[in-house]
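Protein sequence lines correspond, in order, to chains A and B. Residue numbers for the first sequence follow the numbering used here, beginning at 1 and rising by one. Residue numbers for the second sequence follow the numbering used here, beginning at 1 and rising by one.
Derived by calculation from the structure, the hints in this document are not laboratory data. Remember, it's a predicted structure, so these values are computed and weren't measured experimentally. Keep in mind that the hints are not guaranteed to be accurate.
[Stated by the list, open to error] In the DSS-like style, the derived pairs of lysine-lysine whose C-alpha atoms are separated by at most 27 Å in a straight line are: (1) Lys75(B) with Lys159(A); (2) Lys98(B) with Lys11(A); (3) Lys68(A) with Lys75(B); (4) Lys98(B) with Lys68(A); (5) Lys37(A) with Lys48(A); (6) Lys105(B) with Lys11(A); (7) Lys16(A) with Lys105(B); (8) Lys11(A) with Lys75(B); (9) Lys391(A) with Lys331(A); (10) Lys187(B) with Lys37(A); (11) Lys12(A) with Lys98(B); (12) Lys98(B) with Lys16(A); (13) Lys391(A) with Lys250(A); (14) Lys331(A) with Lys291(A).
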Amino acid sequence: MNMPISGKPPKKLSLKENYALLTRGLGWETSYESMDKVFPQCDFEGIKIHDWDKWEDPFRLTMDAYWKYQGEKERKLYAIVDAFQQNNGQFNVSDARYINTLKLFLTGVSPLEYGAHRGFAMAGRNFKGAGASIAAQMQAIDELRHAQTQAHTISHYNKFFHGMHDPIHMFDRVWYLSVPKSYFEDAMTAGPFEFVTAISFSFEYVLTNLLFMPFMSGAAFNGDMATVTFGFSAQSDESRHMTLGLEVVKFILEQDPANLPIVQRWLDKWFWRGYRLLALVAMMMDYMLPKRVMSWSEAWGMYFEQNGGALFNDLARYGVRMPKYHDVAAKEKDRLSHETWGIFYNYTHAAGFHTWVPEEGEMKWLSEKYPATFDKHYRPRFEYWRDQQKKGERFYNKTLPMLCQTCQIPMGFTEPDDPTKICYRESHYRDNKFHFCSDGCKDIFDFEPEKYVQSWLPVHQVYQGNCFRPGTDPTAPGFDPLLEVLKYYNFNVGKDGGEYLDSEDKKHWEQWTGKPGVSI
Amino acid sequence: MQVDIKTTSVVQLRETFSHVARHLGSDKPASRYQEASLNLQSTANFHYRPLWEPERELYDVRRTQIEMKDWYAFKDPRQYYYGSYTIVRSRQQETMEKSLEFVDKRGLLRDLPQEIRNAVIFALVPMRHLEWGANLNNCFVTAYGYGTAITQATMFHGMDRLGLAQYLSRIGLLLDGNSGESLAHAKTLWMEHAAWQPLRRLMERMMICRDWFELFVKQNLVLDGLLHPLVFRQFEPRISAQHGPALSLLTEFMTTWFDESSRWVDATIKTAAAESPANAERLRGWIAESHSEIMEALGAYAAELFGEDAAGALAKVEATLEARLTKLGVGSTGKAS
Ligand SMILES: [Fe+2]
Ligand SMILES: [Fe+2]
Numbered sequence: 001m002n003m004p005i006s007g008k009p010p011k012k013l014s015l016k017e018n019y020a021l022l023t024r025g026l027g028w029e030t031s032y033e034s035m036d037k038v039f040p041q042c043d044f045e046g047i048k049i050h051d052w053d054k055w056e057d058p059f060r061l062t063m064d065a066y067w068k069y070q071g072e073k074e075r076k077l078y079a080i081v082d083a084f085q086q087n088n089g090q091f092n093v094s095d096a097r098y099i100n101t102l103k104l105f106l107t108g109v110s111p112l113e114y115g116a117h118r119g120f121a122m123a124g125r126n127f128k129g130a131g132a133s134i135a136a137q138m139q140a141i142d143e144l145r146h147a148q149t150q151a152h153t154i155s156h157y158n159k160f161f162h163g164m165h166d167p168i169h170m171f172d173r174v175w176y177l178s179v180p181k182s183y184f185e186d187a188m189t190a191g192p193f194e195f196v197t198a199i200s201f202s203f204e205y206v207l208t209n210l211l212f213m214p215f216m217s218g219a220a221f222n223g224d225m226a227t228v229t230f231g232f233s234a235q236s237d238e239s240r241h242m243t244l245g246l247e248v249v250k251f252i253l254e255q256d257p258a259n260l261p262i263v264q265r266w267l268d269k270w271f272w273r274g275y276r277l278l279a280l281v282a283m284m285m286d287y288m289l290p291k292r293v294m295s296w297s298e299a300w301g302m303y304f305e306q307n308g309g310a311l312f313n314d315l316a317r318y319g320v321r322m323p324k325y326h327d328v329a330a331k332e333k334d335r336l337s338h339e340t341w342g343i344f345y346n347y348t349h350a351a352g353f354h355t356w357v358p359e360e361g362e363m364k365w366l367s368e369k370y371p372a373t374f375d376k377h378y379r380p381r382f383e384y385w386r387d388q389q390k391k392g393e394r395f396y397n398k399t400l401p402m403l404c405q406t407c408q409i410p411m412g413f414t415e416p417d418d419p420t421k422i423c424y425r426e427s428h429y430r431d432n433k434f435h436f437c438s439d440g441c442k443d444i445f446d447f448e449p450e451k452y453v454q455s456w457l458p459v460h461q462v463y464q465g466n467c468f469r470p471g472t473d474p475t476a477p478g479f480d481p482l483l484e485v486l487k488y489y490n491f492n493v494g495k496d497g498g499e500y501l502d503s504e505d506k507k508h509w510e511q512w513t514g515k516p517g518v519s520i
Numbered sequence: 001m002q003v004d005i006k007t008t009s010v011v012q013l014r015e016t017f018s019h020v021a022r023h024l025g026s027d028k029p030a031s032r033y034q035e036a037s038l039n040l041q042s043t044a045n046f047h048y049r050p051l052w053e054p055e056r057e058l059y060d061v062r063r064t065q066i067e068m069k070d071w072y073a074f075k076d077p078r079q080y081y082y083g084s085y086t087i088v089r090s091r092q093q094e095t096m097e098k099s100l101e102f103v104d105k106r107g108l109l110r111d112l113p114q115e116i117r118n119a120v121i122f123a124l125v126p127m128r129h130l131e132w133g134a135n136l137n138n139c140f141v142t143a144y145g146y147g148t149a150i151t152q153a154t155m156f157h158g159m160d161r162l163g164l165a166q167y168l169s170r171i172g173l174l175l176d177g178n179s180g181e182s183l184a185h186a187k188t189l190w191m192e193h194a195a196w197q198p199l200r201r202l203m204e205r206m207m208i209c210r211d212w213f214e215l216f217v218k219q220n221l222v223l224d225g226l227l228h229p230l231v232f233r234q235f236e237p238r239i240s241a242q243h244g245p246a247l248s249l250l251t252e253f254m255t256t257w258f259d260e261s262s263r264w265v266d267a268t269i270k271t272a273a274a275e276s277p278a279n280a281e282r283l284r285g286w287i288a289e290s291h292s293e294i295m296e297a298l299g300a301y302a303a304e305l306f307g308e309d310a311a312g313a314l315a316k317v318e319a320t321l322e323a324r325l326t327k328l329g330v331g332s333t334g335k336a337s
């Protein structure tokens with residue numbers, strides 16, 4: 001212990017040097033136990049990393065700085081949330097129909113934030129390099145923040161509106177929530193490199209604008225200051241996460257040429273997985289926001305075709321090409337939201353939020369935004385439904401739909417080149433036939449069939465009798481299977497879902513705010 | 001547009017979320033801690049078995065031998081959720097930053113005698129690697145543990161350990177004039193010095209532990225319960241008594257942190273032990289096993305720090321831990337006091 005360390009006067013450290021000194025050397029090459037035992041998940045995906053020191057720390061945040069910045073942000077955020085609650089800010093939104101976007105968000109997105117929290121903890125524990133591990137851990141704690149601030153903010157809405165009282169229970173059970181749930185569990189059950197490629201890059205970097213922009217700008221346009229506040233507060237974390245996403249992919253690709261085909265396959269898979277998930281956002285943008293921000297088609301053009309296109313051009317020097325089937329997404333962009341809203345209009349009695357036929361002014365907006373498709377394919381259907389509704393025969397589809405084995409969305413999407421024909425694909429595996437909504441979903445299955453045969457498909461599960469509460473007797477007289485499934489979801493039947501015009505949310509809104517409600 | 005709400009006509013429909021109300025027993029107002037923690041993790045209908053552990057579900061209670069009827073019986077007495085946690089730590093880091101500045105400006109560490117500087121580097125700076133190990137161990141619990149009540153707290157605890165590793169590094173930088181020499185030297189000590197090797201071996205053993213509750217116990221209760229008091233309650237006061245309070249100022253964060261987080265560690269162990277005799281037995285087994293391993297590993301290190309007073313210093317921290325264990329119902333006598 002006698003190495004003389006001189007007590008010389010301090011030199012000034014740049015942020016970068018300071019970060020490197022405080023972080024880089026923390027890890028060590030283990031020798032009492034092998035590195036492979038200490039980091040057992042680092043190799044099985046086939047990704048080769050030769051030098052973890054080449055990792056460029058994208059955040060350069062030391063813990064003290066992290067506490068300082070984040071503590072400050074939380075102080076501000078909770079001050080605004082408190083004020084919002086005291087002032088009954090929930091009644092200042094544009095219309096009670098808007099609240100349905102929050103139901104979708106809290107049940108479909110917030111649980112993903114939680115999954116991201118745990119998933120990044122897994123990645124953080126599994127990366128051999130301290131820099132990469134810390135970046136992942138910081139995202140892990142950030143994502144916990146997002147899950148918790150969302151619960152705290154939306155908690156107040158939950159006290160006055162239906163459909164969002166049991167988000168995690170619903171996330172684990174309700175049919176359409178298996179779309180986000182299976183998406184995220186797919187990533188978490190893969191290895192650490194696929195997880196970060198899927199979530200940090202394909203989701204956070206490439207597609208996140210298509211999730212956050214619609215919800216946060218949608219909130220701003222519709223007077224929801226609470227959501228705007230947590231949204232913008234999360235946005236500053238998000239920009240760190242996006243940087244991480246890009247760094248992850250560049251780092252993997254620079255480490256070994258053999259990584260390219262693996263990464264490209266992940267980019268293809270996670271583009272399509274993410275894009276299918278965004279079908280829920282597409283319908284939210286075009287149908288659920290009383291005051292619209294932009295159309296799904298415009299958003300896709302701007303955020304994916306332009307920005308994403310430029311990004312993939314940049315990555316071309318690594319040998320990366322555009323994700324497979326991006327051309328199909330382009331063909332679908334004038335149909336996606338309409339087809340998806342149509343599905344939910346059919347099954348809204350079994351959903352945790354309300355649906356409705358757009359008002360005449362809204363149909364006009366849709367005609368303008370979708371000149372090639374809306375009036376031709378979708379308006380007539382809405383007018384038909386509207387007429388039925390006026391006659392007191394609101395249409396509810398009482399059968400259960402076939403689901404795509406991969407994305408788990410009901411098979412309601414149309415052929416890339418024919419908007420009048422439902423797209424069906426199938427694969428045979430171990431004497432069984434599996435169904436897909438698209439070539440993208442079929443490819444994903446075909447590459448890893450052992451994984452996707454396990455999908456917990458809500459419709460199959462209902463038919464197999466696995467979606468009733470314990471003790472339910474299907475042979476009892478008067479047994480109502482649909483009602484029992486809704487109870488298994490813990491829905492307040494008739495309040496959490498169904499037609500908006502018939503809803504208690506609408507009734508309360510009019511009573512409590514004195515604002516006129518919508519009608520047909 | 002502001003709307004005049006006829007507040008008299010507004011009827012609040014419920015007090016909290018159903019998943020919170022189920023835990024509370026009825027729908028009643030819930031705290032932010034409760035709404036941030038209770039039943040936040042998925043529990044059912046998992047889609048795919050993990051490629052990295054196909055015999056388990058994504059979240060699976062079987063990743064530890066501890067069994068609980070309700071994994072949300074664990075409560076953090078500090079009631080930390082992300083917001084309250086970061087706000088508390090941001091205040092503490094402000095104080096620590098002032099101390100670092102104060103000591104730096106006056107050269108209080110730099111001007112210590114060479115021998116003392118070396119002793120401080122030897123005792124404290126390689127510990128940054130041990131804290132990094134503690135970070136990864138808590139990260140493991142966060143990743144593979146069950147129930148947000150415990151995994152969110154280990155998330156915070158893990159980040160705390162990264163913070164500690166970095167504050168220990170800052171002490172090194174104060175001693176070496178920001179050259180990083182002390183950090184490089186500490187790494188060599190950590191990798192090669194005979195007194196540090198038993199501790200490194202111990203840490204590497206913990207890093208391959210696959211039962212997350214076992215790891216929690218060994219790291220956060222036993223190792224920390226012995227090592228932290230040894231360094232920050234025994235070693236540091238000896239230095240400060242002779243050479244002024246500079247080191248006290250710089251380790252204030254650690255001592256406050258240890259007392260604070262011990263309350264949570266204790267509550268967690270107590271809850272697990274109180275759940276069933278089988279749990280208590282299991283905990284006692286892990287504690288006994290790691291206790292003797294750790295005492296052994298600390299021998300050479302304590303000898304370097306305390307010379308002939310090493311046995312006395314070790315006896316003191318051992319007694320402190322034993323008293324703590326007895327209180328928690330997992331002492332070697334097997335009785336809670
Ligand atoms: Fe997030
Ligand atoms: Fe699909």
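Hints, verified against the model:
Distance hint between lysine 75(B) and lysine 159(A) is fulfilled; the C-alpha atoms sit about 25 Å from each other, no more than 27 Å. The hinted pair formed by lysine 98(B) and lysine 11(A) meets the criterion: a straight-line CA distance of about 18 Å does not exceed 27 Å. Taking the CA atoms of lysine 68(A) and lysine 75(B), the gap is about 26 Å. The hint holds against a cut of 27 Å. For the suggested pair lysine 98(B) and lysine 68(A), the alpha carbons sit about 13 Å apart, so the restraint of at most 27 Å is met.
Restraint check for lysine 37(A) and lysine 48(A): satisfied, since their Cα atoms lie roughly 17 Å apart, inside the 27 Å limit. Only pairs whose Cα atoms come within 27 Å are accepted, and lysine 105(B) paired with lysine 11(A) is accepted, the gap being roughly 12 Å. Between lysine 16(A) and lysine 105(B) the CA atoms are separated by roughly 22 Å; this keeps the pair inside 27 Å, and the hint holds. This hinted pair does not check out: lysine 11(A) and lysine 75(B) have alpha carbons roughly 45 Å apart, beyond 27 Å.
With a CA separation close to 36 Å, the supplied pair lysine 391(A) and lysine 331(A) exceeds the 27 Å bound. For the given pair, lysine 187(B) sits about 22 Å from lysine 37(A) by alpha-carbon distance, which is consistent with the 27 Å threshold. For a cut-off of 27 Å, the pair hint linking lysine 12(A) to lysine 98(B) stands: about 17 Å separates their Cα positions. Taken as a hint, the lysine 98(B) and lysine 16(A) pair is honoured in the structure, with Cα atoms around 21 Å apart against an allowance of 27 Å.
About 59 Å separates the Cα atoms of lysine 391(A) and lysine 250(A), which puts this hinted pair outside 27 Å; it is violated. This hinted pair checks out: lysine 331(A) and lysine 291(A) have alpha carbons roughly 26 Å apart, not beyond 27 Å.
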